[in-house]
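Number of protein chains: 2
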Amino acid sequence: MYTLSECQSIVNEHINKMQLPVLPENLYDPMRYILNLEAKRIRPALVLMGCNLFSDDIEQAVFPALAIEVFHNFTLMHDDIMDHSERRRNNLTVHVKWNTNVAILSGDAMLIKAYELLNRVHRDALPEILPVFNQTALQVCEGQQYDMDYENRTEVTIEEYLKMITYKTAVLLAASLKMGALLGGSNEEDSNLLYEYGKNLGIAFQLQDDLLDVFADPDLFGKVTGNDIVTNKKTILLIEALRASSGAQREKLLHWLSLTNFDKDEKVKAVSSIYTELDIPNTVRERIDQYHRLAIGSLERLSKESVRKEALLSFAGYLLNRKK
Amino acid sequence: MYTLSECQSIVNEHINKMQLPVLPENLYDPMRYILNLEAKRIRPALVLMGCNLFSDDIEQAVFPALAIEVFHNFTLMHDDIMDHSERRRNNLTVHVKWNTNVAILSGDAMLIKAYELLNRVHRDALPEILPVFNQTALQVCEGQQYDMDYENRTEVTIEEYLKMITYKTAVLLAASLKMGALLGGSNEEDSNLLYEYGKNLGIAFQLQDDLLDVFADPDLFGKVTGNDIVTNKKTILLIEALRASSGAQREKLLHWLSLTNFDKDEKVKAVSSIYTELDIPNTVRERIDQYHRLAIGSLERLSKESVRKEALLSFAGYLLNRKK
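Same order as they appear, the protein sequences are chains S and C.
Numbering that gives the first Met the number 0 applies: residue 0 is where the first sequence begins, and numbers increase by one.
Numbering that gives the first Met the number 0 applies: residue 0 is where the second sequence begins, and numbers increase by one.
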């Protein structure tokens, strides 16, 4: 059985070996650039781990794993344009380092490249995994669209928010595992259990991301704690706080949300105090635990001996015990 | 045997029936919008005609035909952003009617949707046509990149220009025919002959487009004649003229290219006069004929009785005898 870090190494090795054309430079250089930024390779590693649960031959899952990583990086390249992000993993984003046109077209070519990599699986496996990939890719776009739509709305329900993060983040983790499982020879039921495991873990992960943005140690987290508060981002914390607050407390929260000129530190301090008063961190932690339990439950119901599930069990721990 | 216009009707019927999700609106409305603009449906019709050359059952090629049309419209949506085009087929472009983010993301989803449609062929056919589609889609991106790169260069050779239009325009026509042929049961050799037919016809078509921009009747052409001259676009006419001119004539041409303030009509008149003096229209017409002959030659070598080739023969005439 391969561990997470072994799978990550295998993925990195293959990404380093990946041959991309040289010309036109403005199409392929940005691909090489974004793929070579330091990254955890979680999603492609999950393809290999999903496969390994059912088969000792994980080589067959390498190209689909690379497809998932190339697809993921395509979404990052285009999301960075849409979100006007200037930095990604401590480096300039592609649309800043080159320009927007380059980032659009190079991203498009990456999406096609992802399909080309997917197409390198055994021809019998293709009709099984391509629909999973297609559906997931569309959902990721839908999730990004909902995310942008919500920016312009005053109120977003918890259900809407959960759907958005499910599509934008969780389904790709889920599909990575499912595709790996199908390649490894899993039956439909087991591959769906693995999908549920990945999906619920992905939701828990995103909720924790929201929590850590405000309540993590800034030295560990690497970005300024509270950035979501500064930008009025509709995180689970804000949505829960808007739901739970009333009276003067709610007035105070709405007041901070409405200000256009403010001291950032002061706003972060004031809003996070309201969150604490409302016990939001615990409310969110309970939600995280709930999705974590759902994930583990799915893993337990899988028809494989416990020893084969160990890597995925410890992956859940790794993902959710981070402090940054 | 189906004629071009019958194939176009079949395509239109299926596009009208195509079910796209409703939500999120900003993702799917732009898809519906661009797909419902009046269009000739040449490429998807070629998929059906390519299939029909080898099989009477063209139903099997309908989904790949739709995939090609959706892919083509994805490229239009993104190209319009990159080229800052405000109108497309007498309507607002998506990034103008909505915004750039919507056009980026909706275009991405269209590319995925194209693969989803492609995936609906018989599962045995998928491994044959997917690589053709992938390679072509990447070449289309490369062609667009070269086109943008050439905008910033002072000199472009004829070979570079021909490669650019081959990738940007011709290979999609070629691949449409080849994919149709493979679905209809063609052997490798015939499908490649059909690819060559489509590719050379596509090159001839693009060269004619350049010619008609300057020398077409403006009432028929629908756009202001000479727009390429106004914008210094590196068309076959300009490249040939830069190659053929010398002395005072070349000075005059370079002078007009260097002006930033000028009367548009005056510039079009002056540059097109130089083209005429240099006999560029005939030089270009000869090139068009050359590629036309290559196309017909490939069609003739195809191992099918002449009667089955009639629709494609008349298609070549239709495409190249247009006056606008």
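Incorrect hints may have been included.
Identical chains blur together in the list; that is why a pair holds if it fits in one copy or across any two.
Calculated cross-link-like contacts (lysine-lysine; reagent style DSSO-like; alpha-carbon spacing at most 30 angstroms) [as the list claims (entries may be wrong)]:
(1) K266 <-> K308
(2) K308 <-> K251
(3) K162 <-> K16
(4) K39 <-> K251
(5) K232 <-> K96
(6) K96 <-> K162
(7) K16 <-> K303
(8) K232 <-> K266
(9) K268 <-> K16
(10) K263 <-> K308
(11) K266 <-> K39
(12) K303 <-> K266
(13) K232 <-> K308
(14) K232 <-> K303
(15) K263 <-> K232
Honestly, the hints are just simulated from the structure, not real lab data.
Since the structure is predicted, the reported quantities are computational estimates derived from the model, not experimental observations.
Going through the hints against the structure:
1. K266 <-> K308: neither (45 angstroms within a copy, 73 angstroms between copies)
2. K308 <-> K251: neither (48 angstroms within a copy, 76 angstroms between copies)
3. K162 <-> K16: between (37 angstroms within a copy, 28 angstroms between copies)
4. K39 <-> K251: neither (40 angstroms within a copy, 59 angstroms between copies)
5. K232 <-> K96: Result: close both inside a copy and across copies, 26 angstroms intra and 26 angstroms inter.
6. K96 <-> K162: The answer is between: 27 angstroms across copies meets 30 angstroms, while 33 angstroms in one copy does not.
7. K16 <-> K303: neither (33 angstroms within a copy, 45 angstroms between copies)
8. K232 <-> K266: Within one copy only: 13 angstroms inside, 52 angstroms across.
9. K268 <-> K16: neither (47 angstroms within a copy, 55 angstroms between copies)
10. K263 <-> K308: neither (45 angstroms within a copy, 71 angstroms between copies)
11. K266 <-> K39: Classified as neither: same-chain Cα gap 32 angstroms, cross-chain 56 angstroms, threshold 30 angstroms.
12. K303 <-> K266: Neither way: K303 and K266 sit 50 angstroms apart in one copy and 76 angstroms across, limit 30 angstroms.
13. K232 <-> K308: This pair counts as neither: shortest intra-copy Cα distance 37 angstroms, inter-copy 61 angstroms.
14. K232 <-> K303: Result: close neither inside a copy nor across copies, 41 angstroms intra and 63 angstroms inter.
15. K263 <-> K232: within (14 angstroms within a copy, 49 angstroms between copies)
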